Each structure stands twice: as C-alpha cells, then as structure tokens.
Amino acid sequence: MAPMIDIEDLHVTFSNGGRSVHAVQGVSFSVEEGESFGIVGESGSGKSTVLKAVSGLIPSESRSLTVNGRPAAERRSKADRRLMQFVFQDPYASLHPRQTVDEALREPLSIHGLDRKDERIEQALAEVGLLPEHRFRYPHQLSGGQRQRVAIARALILRPPVLLLDEPTSALDVSVQAEILNLISRLRQANKLTIILVSHDLGVVAHLCNRIAIMQFGKIVEVVNTADLSAGRVTQDYTRRLIEASRGFVREPS
Amino acid sequence: MTVTLTQWLMDDRPTSRRQAVLGNLYRGTRAIIANPAALTGLVIIAVLILVAIFAPLLAHGISPFDQDLSKRLAPPSPEHWLGSDELGRDIYARTLYGARVTLTIVFLVSIIVAPIGLAVGTLAGYLGGWVDRILMRITDVFLAFPRLVLALAFAAALGPGIENAVIAISLTAWPPYARIARAETITIAKSDFIQVVVLQGASTLRILFRHIVPLCMSSVIVRLTLDMAGIILTAAGLGFLGLGAQPPTPEWGAMVSAGREVILDQWWVATIPGIAIFVVSLGFNLLGDGLRDVFDPKAER
Numbered sequence: 052m053a054p055m056i057d058i059e060d061l062h063v064t065f066s067n068g069g070r071s072v073h074a075v076q077g078v079s080f081s082v083e084e085g086e087s088f089g090i091v092g093e094s095g096s097g098k099s100t101v102l103k104a105v106s107g108l109i110p111s112e113s114r115s116l117t118v119n120g121r122p123a124a125e126r127r128s129k130a131d132r133r134l135m136q137f138v139f140q141d142p143y144a145s146l147h148p149r150q151t152v153d154e155a156l157r158e159p160l161s162i163h164g165l166d167r168k169d170e171r172i173e174q175a176l177a178e179v180g181l182l183p184e185h186r187f188r189y190p191h192q193l194s195g196g197q198r199q200r201v202a203i204a205r206a207l208i209l210r211p212p213v214l215l216l217d218e219p220t221s222a223l224d225v226s227v228q229a230e231i232l233n234l235i236s237r238l239r240q241a242n243k244l245t246i247i248l249v250s251h252d253l254g255v256v257a258h259l260c261n262r263i264a265i266m267q268f269g270k271i272v273e274v275v276n277t278a279d280l281s282a283g284r285v286t287q288d289y290t291r292r293l294i295e296a297s298r299g300f301v302r303e304p305s
Numbered sequence: 033m034t035v036t037l038t039q040w041l042m043d044d045r046p047t048s049r050r051q052a053v054l055g056n057l058y059r060g061t062r063a064i065i066a067n068p069a070a071l072t073g074l075v076i077i078a079v080l081i082l083v084a085i086f087a088p089l090l091a092h093g094i095s096p097f098d099q100d101l102s103k104r105l106a107p108p109s110p111e112h113w114l115g116s117d118e119l120g121r122d123i124y125a126r127t128l129y130g131a132r133v134t135l136t137i138v139f140l141v142s143i144i145v146a147p148i149g150l151a152v153g154t155l156a157g158y159l160g161g162w163v164d165r166i167l168m169r170i171t172d173v174f175l176a177f178p179r180l181v182l183a184l185a186f187a188a189a190l191g192p193g194i195e196n197a198v199i200a201i202s203l204t205a206w207p208p209y210a211r212i213a214r215a216e217t218i219t220i221a222k223s224d225f226i227q228v229v230v231l232q233g234a235s236t237l238r239i240l241f242r243h244i245v246p247l248c249m250s251s252v253i254v255r256l257t258l259d260m261a262g263i264i265l266t267a268a269g270l271g272f273l274g275l276g277a278q279p280p281t282p283e284w285g286a287m288v289s290a291g292r293e294v295i296l297d298q299w300w301v302a303t304i305p306g307i308a309i310f311v312v313s314l315g316f317n318l319l320g321d322g323l324r325d326v327f328d329p330k331a332e333r
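Protein chains in written order, with our numbering: chain A, 52 to 305; chain B, 33 to 333.
A couple of the hints might just be wrong.
[Said to hold, decoys possible] Stretch-level coverage of chain B by chain A, calculated; a stretch enters the list once three of its residues show a Cβ under 8 Å from a Cβ in chain A: (1) 49 to 55; (2) 224 to 232; (3) 253 to 265.
Hints are computed from structural coordinates only; laboratory data are not their basis. Please read all numbers here as calculations on a predicted model, not as lab measurements. No residue lacks a Cβ here, since even glycine has one placed at the ideal position from N, Cα and C.
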C-alpha cells in the first residue's frame, strides 16, 4: 500500500528583497495511513515550514510530494484540500473574532456543500468535549483550551484522513495541554487519522507519535521510533542532547 | 423562572444565532450610549432623520416653494418663524425640507463610496502583485487632485443636479476608503484564521466577502461617519456654486448662496441654513468619533 504522505527532497526558500533563506533543505519522509508522525526541533529548524509546505500554504520545491498516492499540485482543488486539515499553534489567532463557534464550524460545511449541517455541528462539538451552550459564543467568550477544541472540531468536521498539527498545545497552559493531547490521541484512534505533529517538546511528540523526525538547520538529523527514543537507542549527538534537554533542569550533585 | 430582556441579551451562553447577534448589537449600543459625545451625535442624526420624515408636519402645511413677493426678505415673525428669503419663501419650511435633500445626498454617497472603496481596497490588498499596483495607482491619481476641485470639474462636466452632484462627490470620495481597506486587508490576510479558510478550500471571493470585508467594515463605517461632514459641506459647496441642487429645490448650500448678497441686512437668509449645515456636520463628526472609540479593540475592557 502506498504511504498516505510521501515527500522526497523538499526544499523551501523564503526570499525577501534580495536576501533569501533556505529554510528547508532536502527533507524526505513518508507517513503510512493511520500512522502518527512527529517532527521535533528547536526554533528555526524549519519544522513548521515543512508542515506548511505539505499543506500547500507556502510554495515549495520537491522531487515528489504525494498525498494519498496523488501528487499534490501547486494549486490545490477543493477535493485536495479536503484530504488534510490544519490545526494552528495559537487558538487566539486561528478563530475569526467576529464569528461564533457555530459560524466557524458551518463555514467548511457550506464551502464543500455538505448536508445536515446542524447535525454535523452538534456532533463535532460533542466529539471535542464542548457543550451545546458553547455553540453560539464568540471566541472572546471562550478559554484558550476551549478555543483549541473549536479549532480541532473545525479541522475534523470535514472528516479529513490527514490532520496536520502545528504545536497545538504550546500556547496553552500545562493543565490544559494534557487534556488537548489526550483529546487528539482519542480522536486519532476513533477516526483512524494520519497525523503529522510538529512540536519543540519531545515529551508531547513522544506521547502521540509512533515515529519521530528530529530536525536541525532545515534538515532531518534522524528518524527514530518512540520505543528506541525512550530506550535511548539513538545515533546522533543532537538527538541525545534534545532528550537530555527534555528531561528538564537537573541539579548537579555538589 | 423569568428572564428579563436585558439578561437574555447579556447572556454569556446564547442558545441561538439570533441571540448571539442581538446580544452583540446590544453591547455595542450600550457602549455608544455610555459615550456622551457619540450619544450627542446620535441624537442629532436621529433628529435630522425625524425632521426629514416629518417635514410637512413640522412645517405646519407651509410649502417650501410658495412664493410671496410682497413679503420677500421678511425678518423672523410669528408668520415666518425664521423669516423669508428673496422670493418670499418660508425659510423655516425650506430648512426642514432641506434635511431631506441632505440626507438623500449623504445616503447615496455612502452606498456608492463604501462598496467601491471596499472592493478596490480588499482586492488590491488580498491579491497583491500587479492587481495591487494597478488599483493603487488609479487610487493615487484620484487622490492627487484636490477633492473639491475634482468634484467641481465632474459636476461641471456632468451638468448640474443632485444626482450628478452625488456622482461627482462619490468619484472623489472613494480613494481613502480603498486605502483603509487595503491596509486592513494586508494585516488580516496574514492571520491564521484566514489561512484556515484557505485550507478549507474557500474561493478568493468567499474569503474576501465573508471573512475579510466584515473586519474592514468597522473602520470604513467610522471613516464614513467622519467623512459625512465633508460630504455635506462639499454638497453645500457645489450647491453654493450652482452645480448642485437646482432651484427651487431647498438645498442648504444653495440657500446660503442665495442669502450671501443680503447677509449684512437680512442675516437670517444665509445664517439659518448655515447653522443647519454646521449642526448636522457636527453631529456626524461626534458620532464618528464615538464609533471609533467603540470599535477600537484596544479600548475594550
């Protein structure tokens, strides 16, 4: 079976008035259907850029970039868009400030001309653990965690096979982070989703993903599976340092 | 359990789309009422609208067109509350009916200017590239002319009359709206919530009209109310120069113009419509200022 997402030699270059930055330099990986793939790296390593290139938000060059066995075109059709949805990092910026939750969830349904809108909206809210009373609220009347739930409901209401998550918990406080991670994990199993999760937090990625790519300076340093990672079976120095850093601050014995 | 209307409107947990929208409107209205300047402006505009609607009633049957040459340039008296003009027409009645003309001009100009400005600005801001360059250079050409002079030229070319005055004013008034809408669109287009609709597969027009335009509306409305004073004055200026409303239409600018020759001896002929122009302009300005305070997200508590 062909992988759900297959990327070979992906390059992204940003140019701004003569200066150009080669943000992603030849990244290749593939993600099987139903797998959840994590990308970890420090700020500026190009991990979010990879995700945006896969979604088609920013232009990229690659030898091949296929989604569900079909090459992803530069200009994507509605049907292409429906294959994957994106959850952004900041739930405060990803909801339209003048639209109620109901309107935010209705929009993708009417773009794709789906029927039984009210039923689908109610179901989507229930799925992410929001109550019917949240349906007609504006984003400013919701907490950060509730907003991120709305963003996830909005991404899943089209029933896409692939979900792209860009640091979905880093803008939330610690107690809410765990709730959202568990929610994503539960929805992934229930909907047999293929997931690409980007995070700077090794713990978050290890919690959700089977395989993890470690990125540095626009390149993939190493791809490990979670079992190897927790057992410390890694080959690269940078990965080892990242693992150490994720254990947090340890006081040196005096 | 009884719920009062206020509680229903202020409810943090609206149960229907209608309640959410009405609740938001209610909060906005309360914010305007809490602002004394905006409230003053709102009252003035409301009075203007009422005067325009009930002009025949308020003029107690006096027609603004009836001439009485034996009583020309009469001072204010119980018969002519605010005096009469050079043809013996009642100035009180003419000023009341003038509110209709002013409101018509203001209304027509706003429904022409706001959509043109929004369409040009959001298209230029969202599409960027050569579309942006062409649309903005056209805007610059219009902005390069002094507004009144350009309006005069258009009005002269199109011929005198209210409709042509409206077209002339609109043609000169839209460029600032395009600028505002473009600037807002550029910031909004980068935000995550627009990227989300792009990824949902929305068409460019859908993104523009359903997601970007509603966010530009508040600054355009504020600008429009602040501009109303200018529009009224331009219309009055065109009327004053004989390029706006044609006699015998009671237009305030034309009335001031007619009273100019006798301003020293019969001051009321030019002063009364002048005061009307001043009060209405002030009203729109105060309302615009107030709306800006209400819409400004930084001012939100």
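Subject >> Coverage of the segment 224 to 232 of chain B by chain A (three or more Cβ within 8 Å) >> reply: holds (count 8)
Original post:
Are at least 3 residues of the segment 253 to 265 of chain B within less than 8 Å of chain A when you compare beta carbons?
Top reply: violated (count 0)
Subject >> Check of the segment 49 to 55 of chain B against chain A for coverage (Cβ-Cβ below 8 Å, three residues minimum) >> reply: holds (count 3)
When each numbered hint is compared with the structure, a violation occurs for hint 3 only.
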